[in-house]
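Enquirer: Okay, here's what each chain looks like letter by letter:
There are 2 protein chains.
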Amino acid sequence: MPLKRINSAAAIAVLAAALATPSLAAEPAGAPVADFTLANGLELVVIPDHRAPVVTHMIWYKVGAADETAGKSGLAHFLEHLMFKGTAKNPTGHFSQVVASVGGQENAFTTNDYTAFYQRVPSEKLKTAMEFEADRMTGLQLTDQVVLPERDVILEEQNQRVANNPRARLGEQIDAALFLNHPYGKPVIGWRHEMEQLSRDDAIGFYRRFYAPNDAVVVIAGDVEPETARKLAEETYGKVARHNNILPRQRPQEPPPVAVRSLTLADPRVEQPVMQRAYLVPSFHTAKPGQSEAIEVLAHILGSGSNSRLYRALVVDKPVAVMAGASYDSFAFDMSKFGVFGVPHPGVSLPQLETETDTVIANVIAHGVSAEELERAKFRMIADAVYAQDNQVSMARWYGSAIMTGATVNDVRHWPDRIREVTVEQVQDAARQWLDKQRSVTGYLIKDVSPQAEKKS
Amino acid sequence: MPLKRINSAAAIAVLAAALATPSLAAEPAGAPVADFTLANGLELVVIPDHRAPVVTHMIWYKVGAADETAGKSGLAHFLEHLMFKGTAKNPTGHFSQVVASVGGQENAFTTNDYTAFYQRVPSEKLKTAMEFEADRMTGLQLTDQVVLPERDVILEEQNQRVANNPRARLGEQIDAALFLNHPYGKPVIGWRHEMEQLSRDDAIGFYRRFYAPNDAVVVIAGDVEPETARKLAEETYGKVARHNNILPRQRPQEPPPVAVRSLTLADPRVEQPVMQRAYLVPSFHTAKPGQSEAIEVLAHILGSGSNSRLYRALVVDKPVAVMAGASYDSFAFDMSKFGVFGVPHPGVSLPQLETETDTVIANVIAHGVSAEELERAKFRMIADAVYAQDNQVSMARWYGSAIMTGATVNDVRHWPDRIREVTVEQVQDAARQWLDKQRSVTGYLIKDVSPQAEKKS
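Chains A and B, in that order, give the protein sequences.
Read left to right, the first sequence gives residues 3 to 459 (my numbering).
Read left to right, the second sequence gives residues 3 to 459 (my numbering).
The set of hints was computed from the structure by calculation and includes no laboratory data.
Possibly wrong hints are sitting among the right ones.
You can't tell identical chains apart in this list, so a pair holds if it fits in one copy or across any two.
[To be verified] Okay, derived cross-link-like pairs now, SDA-like style, lysine to any residue, Cα gap no bigger than 25 Å in a straight line:
1. Lys-449 - Gln-435
2. Lys-449 - Thr-357
3. Lys-290 - Gly-370
4. Lys-439 - Val-260
5. Lys-449 - Pro-258
6. Lys-439 - Arg-169
7. Lys-439 - Pro-275
8. Lys-129 - Phe-86
9. Lys-449 - Ile-367
10. Lys-439 - Gly-173
11. Lys-290 - Arg-194
12. Lys-439 - Gln-278
13. Lys-449 - Val-262
14. Lys-439 - Thr-357
15. Lys-449 - Asp-438
16. Lys-129 - Ala-243
17. Lys-290 - Pro-259
18. Lys-290 - Glu-198
19. Lys-449 - Pro-259
Kindly generate the complete structure, drawing on both the sequences and the hints.
Expert: This is the structure in structure tokens:
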């Protein structure tokens, strides 16, 4: 922990200098990032980081839950699990043992827009990791013997992560009510009744359709030179044939949102009620230039940390809440969400909390934000980004998730410049345009005290 | 009009006799209905009705808006329009002229579950009608020259029927919020942004996939004997080849509904606010035996006509509403909706009206309905069905829509018996089980008086 603090302080100094020097504004910070594409269409992004002799090797596939066929929800995530089931060369568990034996780590994750796998290993094991990923890109062997027990695993995951988690259930219901047409309305983990029917054929069909070098991006952060990484990639990934039927991602889009929506979820396990709202807003990929950055700044000023508008008004000044905040993720291939939430102070009802929250939002819409608030927000956001770069995995994830959602390496590198350019007018415009209740769903999570509550849950 | 009244009175007499004679309960009323299938898989239902020398000839395809590919909403209805665009034998408008020249009528309609076309013509023109429908079942010729202007027609239809109709807009939003996963959540007319992109290829692909003798049912009501109809059908429809790739309709199903949902739609054109609610309930096809009949009786007692619970409580006794009612359509291939609505008395707010409506519903859940109410409802429902049989087109539509949503000719004929069997316990159980707010979306339609209202609409 002390070490982390020293790093942060140093970073702030560097950052303060950068912020204070307008002439540097267009110059991206950090080490040069290499970005190139192999003959078979595989894109590689290499972020040199020589602080320790380790590399984080990630492969990102441009396929997520939003690309599933209707009725097959959960399939992208199911396949993520099945990718560990072995090939002719690497039977189940073999590679995980290799990674563990050198003190490495591995993991995988699935979102609406992508599926990614990664290993953090000693630098000299980079080629081994590449060989493994290249092998399972097309060599996966699936039998009912491995598929069916793994389906029980994802069902149990759904049980733990969603069915027994009232906040997750609330989020699932809000997404379903927010997206009327786009598959972002479906849970990434899947609807349980559809997960129960997923088959080996579903998994294989999805795998053959989407897993290919020209539908993937490898992100490597760590102790390796780009040219070395390229050579290793050509020797491994380079041998996998291009897939000739990869179609661009094209999902059904939303109609214009016109109804103010709300929902109430009662769950016997709720100890603290919650008010949570989501507005339909553009992502970086779907926004006009500057729009998503203004929304990022707005989310920060409105609801990030204890200095934010919502926290100060609702938790400190009144206080009607014990927690309040806002959030926005600009990384989505299609439209994104702007979130607002609050946990009421004991004795305060959710409608009261919602009214107070609306007052804070209405105030930003009517009067905008101050120049000082804006500068503080920019400084803090850019500082946070610098801190994140300190963590190899976080940095690789930042690049990966950006590229998977339609951004480029350059977009990532110039993000601080774009944040610096946001004006107070743009922040107010963003609030006015996007924080319109017609674009939103407000969810209440309450404790279910009905006699049937036990039975229902 | 007097004629109609005489018919109705006669029907009531017949019906009263039938109701009073338990031994006749299992005997379906009306003329025998013939039901047979040609060698190519086309099913025919013939309902003889010799009162006048006319026939109603309908062809029903087992494809509707719920069978559209995601992102192509409105396609089923678009194809319904395009079916009038001509074949090599019958250029655009030719058949319509023939029908008109003999004093006939024609029309077509599309729902979530089916697309149907019909002609009402002099009996001797039945074969002509069959020839025409058999011809356009596979012979449709579509060029961009006819497709693109017709797309403008359906866009204008969307404009008139939905975009400029606040009640229709409310219904669209309620459906979208009620169905979280099933395509019944999409409007049958389509989402405008998707309709604008529908192409000739989309239409042709849909046509080739779904239009085939073994995916259709011909319903003929009128002055024709079943054997004659069969012979004519074999000479016309019988020549169309069976389609070997017709798959059973399988749509994504709903997760269990868990959140109480509500929405508010503000529209500057609203003159009367409305409260409208929809509950997710079983259809005849998805229900256990007796369930959908109990829900039908419940809808009748709760909200059909001025003697209903809702009308009496909200419009007559209090009065908090100028109109109130309930509805249920048992004909859906997948799940169906139970609707409740009310128009508030001037000076009464929508939340007040909703609270009073909830009280009426809670009362039925807690105390059920009386034996006398039940008998009155059954008598009236069966009488209404008898009246409907008086209209050839209505009768043909009843059979057609039943068969398209998974019922059989026998199910239709025995419907009065099943209604007679409903008990007071079943009605109360239906209310308790299905009128649970967790299964529902409540929509408020209000007048938009904001300065931007003009701009938004």
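Enquirer: The structure should be examined with respect to each hint, and the outcome stated for every one.
Expert: Structure-based check of each hint:
no.	hint	in the structure
1	Lys-449 - Gln-435	between (34 Å within a copy, 21 Å between copies)
2	Lys-449 - Thr-357	both (20 Å within a copy, 21 Å between copies)
3	Lys-290 - Gly-370	within (20 Å within a copy, 57 Å between copies)
4	Lys-439 - Val-260	both (9 Å within a copy, 23 Å between copies)
5	Lys-449 - Pro-258	between (33 Å within a copy, 19 Å between copies)
6	Lys-439 - Arg-169	both (22 Å within a copy, 20 Å between copies)
7	Lys-439 - Pro-275	both (21 Å within a copy, 19 Å between copies)
8	Lys-129 - Phe-86	within (18 Å within a copy, 63 Å between copies)
9	Lys-449 - Ile-367	between (33 Å within a copy, 23 Å between copies)
10	Lys-439 - Gly-173	both (18 Å within a copy, 19 Å between copies)
11	Lys-290 - Arg-194	between (37 Å within a copy, 22 Å between copies)
12	Lys-439 - Gln-278	both (13 Å within a copy, 20 Å between copies)
13	Lys-449 - Val-262	both (24 Å within a copy, 13 Å between copies)
14	Lys-439 - Thr-357	both (12 Å within a copy, 24 Å between copies)
15	Lys-449 - Asp-438	between (28 Å within a copy, 17 Å between copies)
16	Lys-129 - Ala-243	within (19 Å within a copy, 59 Å between copies)
17	Lys-290 - Pro-259	within (19 Å within a copy, 37 Å between copies)
18	Lys-290 - Glu-198	between (41 Å within a copy, 22 Å between copies)
19	Lys-449 - Pro-259	between (30 Å within a copy, 17 Å between copies)
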